[in-house]
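Chemist: Read top to bottom, the protein sequences are chains A and B.
Heads up, the first sequence is in the numbering used here, so the first residue is 5 and it goes up one at a time.
Heads up, the second sequence is in the numbering used here, so the first residue is -9 and it goes up one at a time.
The set of hints was computed from the structure by calculation and includes no laboratory data.
Small disclaimer: the values here were computed from a predicted structure and weren't measured.
Mixed in with the good hints there might be a few duds.
[As the list claims (entries may be wrong)] Straight-line Cα separation of at most 27 Å, BS3-like style, residue types lysine-lysine; simulated pairs: (1) B:K82 <-> A:K96; (2) A:K252 <-> B:K131; (3) A:K252 <-> B:K82; (4) B:K131 <-> B:K111.
[Said to hold, decoys possible] Pair ranges (Cβ atoms, derived): (5) B:L190 <-> A:Y240: 26 to 34 Å; (6) A:L100 <-> B:S18: 53 to 61 Å; (7) B:R130 <-> A:V245: 37 to 45 Å; (8) A:Y240 <-> B:A118: 40 to 48 Å; (9) B:T242 <-> A:N99: 36 to 44 Å.
[Said to hold, decoys possible] Partial selection, computed: residues in chain A whose CB lies under 7 Å from chain B: (10) P110; (11) S164; (12) V171; (13) F173.
We put the CB at the ideal spot given by N, CA and C, even for glycine.
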Amino acid sequence: MLKQLQSTLNWRGFVAIFGFFLIWYLACILELPGFAEMANPLEVIQMFVREYAHDDHYWLSWVTSFQRVLYGFLFAQLFGIPLGLLFGTNEKFRNLFFPVFELLRPIPPLAWVPMSILFWPTNESSIIFITFIGAFFIIVINVFDGVRDIKREHLWLALSLGAPRRVIFMRIMLPSVIPSIAVGMTLGIAITWDVVIAAEMIASDSGLGRLTWEGYVSSTPEVLVIGMISIGLAGYLSTKVVNTIERKMMPWRRVKR
Amino acid sequence: MAEGEALSTSEVHGTKSDNAGIWLDKVSKSFSSPDAGKIQVFQELSVNFEPNKLHVVMGASGCGKSTLGYLLAGFISPDQGNVGLGPNAVRKPGPERLLVFQETALWPWMTVLDNVIFGPKVRGDADAREAKDAAQTLLRKFGLAEFADKYPDQLSGGMKRRAEIAQALINRPEVMILDEPFRGLDVMTREILQEYYLDLFEETRQTTVFITSELEEALFLADKIYIMGDQPAQILDIIDVDLPRPRDFEVTVSKKYLEYKEQAIELLFQSEES
């Protein structure tokens, strides 16, 4: 990861980042329009070091949000991948259930919030459900597309070599859709963070989203900025982890001639 | 059981089943496309490819050459008529009729070795070690020994083609069907592979249907050239290429070769006009 950072950050990058903080700082000091209420970077750092770096409550927000993302994401994979495979391989099943799926798909995840709160017994389960919804539809559609894009030559070759159905499914069809599953994972992890943060702001008393919202409500702009940066970092870390898993899933993609 | 049946029938016909030709008998096939409606690709087409010969099917692109290959391999079934190998009609794909595809069909997620041993392994023909030994012998012969553990995307175009031929040959098919296998390769690689395939054929005399749109390739390789016309697809003419074997590229400057070439060009022009 350090190597990756080095390759994306050359001296121009450092100058730009430094410039960004400098402009932010100056804008706050000079009280440019809109910046009067803002915390400047030094204040944010001071606040973080003094009150948050050693604060259990703050780190618990990380854990809480990560847990929600993890559960939502995993359940979305767990149900989404088989459903996508079924849509792709079983025509009767597709004819029966795909219309219902397409009916529900355009509903934005956050529109599920009120119903989810009514339906699920605990607040936690309703937030996980909303997060699940965020990734679920994307994953199903990607896997479904992946099955439809399987090269017929790949299947024909296996058929003519005498492979039984089970082998064709396990060794030809599944590996064929792994790249699509990976695309679904990349998009899925990004959207689960989107959804979890919004859901926490609306309907929760914990997590990084809530922390950020509290910064606004309690008029402590430093907290708001700490929350935003934390969310950005959390999303970045999750994406890195997912990318690593994807590379492990597709060893043949790593190699270059 | 099925094999026993095949044997007894072939005895009646007086041919050995491992020596059998592959044929189409009054095959009709149409496809429907959204823009053009129903297209009759084949109309009662009958072709017979003899055993142990290298047949080249030649025609302009879009004349139904690939469809012919897919029918022979059993990937698609005729609307009417029969496709057969030796005395038996065939309806499904099978390891006795293997097709090498126009664009690579190696599975990118398997190493070259896993690609090659897939057939024997899934059919349980050989235990894992036997299959692996056979594959490695074949790969060595094909100059791919060092690439056994590489993935297909790490191979050059010419190496992929060789790996695919190995992937088919390890199953000891009775018939090899090659659908423009060297298309898209650079001229050098192409010529090397043509010579390579020719050597292989002259060594094994494996019944081959080789589909191409290149006249020079056809003349260099073929025992017989089937000139194919379209709408509906038909065999316009068959040229017996009586050039001595084993051949090498010197044959392409011989007088006889040039005569065949002239004859073929004339036939191709006629087919364009008609």
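Chemist: Honestly, do L100 of chain A and S18 of chain B meet the 53 to 61 Å range at C-beta?
Modeler: At 35 Å between Cβs, range violated.
Chemist: Do the numbers back the hint for S164 of chain A, that is, is its least Cβ distance to chain B under 7 Å?
Modeler: 4 Å, holds
Chemist: If you draw a straight line from the CA of K131 of chain B to the CA of K111 of chain B, is it 27 Å or shorter?
Modeler: It holds: about 20 Å lies between the C-alpha atoms, which stays within 27 Å.
Chemist: Should the hint that L190 of chain B and Y240 of chain A are 26 to 34 Å apart at their CB atoms be regarded as holding?
Modeler: 54 Å, violated
Chemist: CA of K252 of chain A to CA of K131 of chain B, is that 27 Å or under?
Modeler: 33 Å, violated
Chemist: Please check whether V171 of chain A passes as an interface residue: C-beta within 7 Å of a C-beta belonging to chain B.
Modeler: 5 Å, holds
Chemist: Quick one: are T242 of chain B and N99 of chain A within 36 to 44 Å, going by C-beta?
Modeler: Check failed, 57 Å falls outside 36 to 44 Å.
Chemist: Lying within 40 to 48 Å: is that true of the beta-carbon distance Y240 of chain A to A118 of chain B?
Modeler: The hint (40 to 48 Å, Cβ to Cβ) holds, given that Y240 of chain A and A118 of chain B are roughly 44 Å apart.
Chemist: Taking 37 to 45 Å as the hint, is the beta-carbon distance of R130 of chain B and V245 of chain A inside that range?
Modeler: 42 Å, holds
Chemist: Is K252 of chain A within 27 Å of K82 of chain B, Cα to Cα?
Modeler: 37 Å, violated
Chemist: When the nearest CB of chain B is found for P110 of chain A, is that gap smaller than 7 Å?
Modeler: 27 Å, violated
Chemist: Taking the least C-beta to C-beta distance, is F173 of chain A closer than 7 Å to chain B?
Modeler: Nearest chain B Cβ about 12 Å off; hint violated.
Hint compliance for this structure: hints 2, 3, 5, 6, 9, 10, 13 are broken, all remaining hints hold.
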